[in-house]
Structure formats: structure tokens, C-alpha cells
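**Student:** Those protein sequence lines, which keep their order, are chains G and Y.
Numbering-wise, the first sequence is residues 1 to 118 according to UniProt numbering.
Numbering-wise, the second sequence is residues 1 to 134 according to UniProt numbering.
Just so you know, these hints were derived from the structure itself, not from any lab.
Because the structure is a prediction, the values reported are computed rather than measured.
Result set (DSSO-like, lysine-lysine): computed pairs, CA atoms no more than 27 Å apart in a straight line:
id : chain 1 : residue 1 : chain 2 : residue 2
1  : G       : K111      : G       : K7
2  : Y       : K108      : Y       : K70
3  : Y       : K11       : G       : K60
4  : G       : K60       : Y       : K55
5  : G       : K60       : G       : K75
6  : Y       : K11       : Y       : K27
7  : G       : K60       : Y       : K84
8  : G       : K60       : Y       : K108
Simulated restraints on C-beta separations:
id : chain 1 : residue 1 : chain 2 : residue 2 : range
9  : Y       : V132      : G       : L103      : 29 to 35 Å
10 : Y       : T66       : G       : G73       : 56 to 62 Å
11 : G       : T49       : Y       : G30       : 24 to 30 Å
12 : Y       : T66       : G       : I26       : 40 to 46 Å
13 : Y       : E122      : G       : Q107      : 48 to 54 Å
14 : Y       : G30       : G       : H95       : 28 to 34 Å
15 : G       : K7        : Y       : N32       : 37 to 43 Å
16 : G       : G40       : Y       : N32       : 41 to 47 Å
17 : Y       : V120      : G       : H37       : 43 to 49 Å
Backbone N, C-alpha and C define an ideal beta-carbon position, used for all residues, glycine too.
Okay, here's what each chain looks like letter by letter:
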Amino acid sequence: MPIPILKLHNYLLISIQTEIDDQTAIEFQEDLLDKIHKTGASGVVIDLTSVDIIDSFIAKVLGDVVAMSDLMGAKVVLTGIQPAVAMTLIELGIHLQNILTALDLEQGLIKLHQELGV
Amino acid sequence: MTPQSFVTVYKEWDIVGARQIAREMAKELGFNVVDQARIATAVSELARNIYLYAKEGQIHYEVVETMNKKGLCVRAVDTGPGIKDISLVMQDGYSTSGGLGAGLPGVKRLMDEFDIQTKVGEGTTITTTKWVRL
Chain G
1 MPIPILKLHN YLLISIQTEI DDQTAIEFQE DLLDKIHKTG ASGVVIDLTS
51 VDIIDSFIAK VLGDVVAMSD LMGAKVVLTG IQPAVAMTLI ELGIHLQNIL
101 TALDLEQGLI KLHQELGV
Chain Y
1 MTPQSFVTVY KEWDIVGARQ IAREMAKELG FNVVDQARIA TAVSELARNI
51 YLYAKEGQIH YEVVETMNKK GLCVRAVDTG PGIKDISLVM QDGYSTSGGL
101 GAGLPGVKRL MDEFDIQTKV GEGTTITTTK WVRL
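Bound-form chain Y, shown alone (with noise of 0.2 Å):
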């Protein structure tokens, strides 16, 4: 595994590859097996994000490392219809699509660092990142 790669979103299958890779690049980088279901976990909410809001986007993976911490920064891109009211969706248990609207405000609950750029019609960026605890 390179410490930076992709895979595509626009099948429902890809749904588990995407939650696949997460958890083996989690594991391979450390995480306990906690942080690793924390992840795959986190990347199955936002690969299903994108099969079900903006029907095809990209979910990238990338090793990050600083002087004295190392993580997975796993960011979610798609350029479908963008999210018009982000404290909305940030809302426990707000759903438009009949789940169960857990999604974004578990993502980050899950996760480390949280990040959403969003424009309507132009699409979304998620970025969210897990340390590996030392």
C-alpha cells in the first residue's frame, strides 16, 4: 500500500472496498483494533455519503506524519449537489434519506479531525484524520 491512494465510489460494492482498504492501511499503520473499526467504520459512512447523495466521488487515503505523531488522513471528494445547511446535517439523527442519521456527527465522533467544504452544485470535501495513539 502506498501511503497515498484512492478508490472510486459509484457502486454500493464500493462501499466495502472503500471500508476494506481503510481498515488494512489502519492496520498496517498501527492502529489498535478499536481505532481500526473506528476507521473503516468512519470511511463506510462517508463511501455511502457519496453512493447515496452525489452518486460517484472518490475516497483518498493518505499517511500523515508530523515530528512526533503519525495518523490516516482519509478524505471524501465528490462533486454532486453539495450540502446547503452543514449544522443540519452535523445534527444527530437528521436523516433525508430514511437511515438512520447517524452518519456525519458519528464520522467525526469516530474520528480524530473533522473538516467539510461544501458548495451547493459544485460538491463536497470531507477530510477527517485518526492519530495513532502512542
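The following block holds chain G by itself, in its conformation from the complex (with noise of 0.2 Å):
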């Protein structure tokens, strides 16, 4: 099942709801990159409140997803990571560096604006 992208504005934002296999991950990227393109949209944000197990798999994909953004010009900011996934992350020796974080997507929201000087 796609995960869905919504527009507001000349954001992009999406929140992970189901547990992610490695097809739908790598599906998500694709479609999130053409979402930018065909957008224009300068700035996403990923809220992952309801995700409670990110591998080591689905962190390169996420880590990806940003790099490849920030190449087409579009900031991506990860927000709700829940305690327990970023206590495994660093156990698992994913640091996941140079990526934007916040608390929620309120928070996200603010710091696009502030990274995107709007």
C-alpha cells in the first residue's frame, strides 16, 4: 500500500501509518521525489510518530530520501521519532548525521520556515 504525500502549500507532508517493508521504502522514495518534481514543493516533512521499528534498512532509505531531496533542492525534515526507535537506532550505529529532526510536525514546520528563511 502507497504511503500518501500531501500538498500544503510548497510543502510536502507525510505521515508513516503502517509498518514499512523494503518495497513499500523503496516505492515511498520514488514516489516522494516525483511528488517534488512535479510540485516544485521546497520543503517536507516526514512525521514518523506512529513508526515503532526502524532497521537498519529502512533508516538507509530514509537517510537516501533526504540526501536525494536536498539534491533536488527540497529540505526534509523527520519528526516523532519515538523514544525506543532512537535508542535503537544508536545501539544499532545508525546516526542518521546531518539530517533535520524535531519533536513533531509542529515543530517540523517551524523549522522548514527557519531553514527556508520564509
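From the two separate chains plus the hints, produce the assembled complex.
**Tutor:** Structure representation (C-alpha cells):
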């Protein structure tokens, strides 16, 4: 099942609500880049509040999609990472450096505003 | 859920199935939310290794109990190519699949006990246990 991508002004909002398998993650990557291209969005918030596991593969896909979006000129903020997920990721050895994060969707949008200077 | 069960991993979706069972069992055993995430993530890594390198294998789950503690023992068994150099795969950042190379050393950190038995051409068995913190 594809992950819905919503457009709000010049931002794209994504809330990942389902268990993500590898295929869904890859499709999401392609969908998001395509949507950035089509809408000319300058900022993206990916909300992970409902995600209770991020393993190394999903982390790689997320890290990659941030870098890819950046290449296209769109800033991505990851929001709502659960405490258990944050602990597990670091213990796993995944640091997701150079990635913008925020506590929740609201803070994420504020961060995007600051980053984009609008 | 019986105290002992297993899932076969041979397609991508089985990775999700394997980690969901792990989380369910961990929850039933009384692990806290963080440990549930640790166990589910470790199982996800093990199942992905099977899927990527051995194509097919099983994840076995077993509730283990001693006099003063209980835990969940997860065994990943495959008859794949085996691992030539264990010290290499236990290095952080080593990967032959273009991944993050967080797999096995990460699993070891997430769990309490970790053992790997492998023979080139015969397969690999990884046994790892997490104890419920009392």
C-alpha cells in the first residue's frame, strides 16, 4: 500500500502510519522525489510518530531520500521519532547525521520555515 | 503463542512478519517498550540477512526461563553460503550488500547474548537472547 503524500502550500507532508516493508520504502522514495519534481515543493516533513521500528534498511532509505531531496533543492525534516526508536537506532550504530529532525509536525514546520528563510 | 515457534523467511514480507512476531512475544513476556523495539529491530536485521544472503531460512523463537530470570531466545538458521570471516562481519560499517553495515554488530549490542556458528557452504546459525529486566 503506497504511503500518502499530502501537499500543503509549498510543502509536502507525509505521515507514515503502517508497518514499512522494504518494497514500500523504495516505492515511497520514488513517489516522494516524483512529487517534489511535479509540485516544486521546497520543504518536506516526514512524520514518524506511528513508526515503532526502524531497522538499518529503513534507516538507509530514509537517509537516502533526505539526501536525494536535498539534491533536488527540497529540505526534509523527520519528525516524531519515538524514544524507543531513537535508542534502538543509536545502539544499532545508525546516527543519521546531517538530517533535520524535530519533536513533532508543528516543530518540523517551524524548522522548515527557519531553514528556508521564509 | 506457544513458548516455541518459528517462521520461514524467503520473501521480503517475511522480514516484517518475523519482527512482528518478535514484538508480540516480547510484549507478552513483559519486556518494556524499548526492549520490545530492540528485539524487533534485531530480528528484522537477522531476517534481512537470511533474505539477502541465504535466500531462505528460519527464525526460531523460544521463551527461556531459569530460576531467577526469563527471556526470549531468537535463533536465525539458514543453509546459505556461510560466513568466511566472522571478525569482518562483526565490524561496524562492513557490508557486502550496500547496506549501512550495522547488521550483526548492531544485533549484538541490542541483545544480551549473542552467538554465531557458521561454516562456508553449509550455513549460519545465530543465537541471541534478551533477558527481561526485573
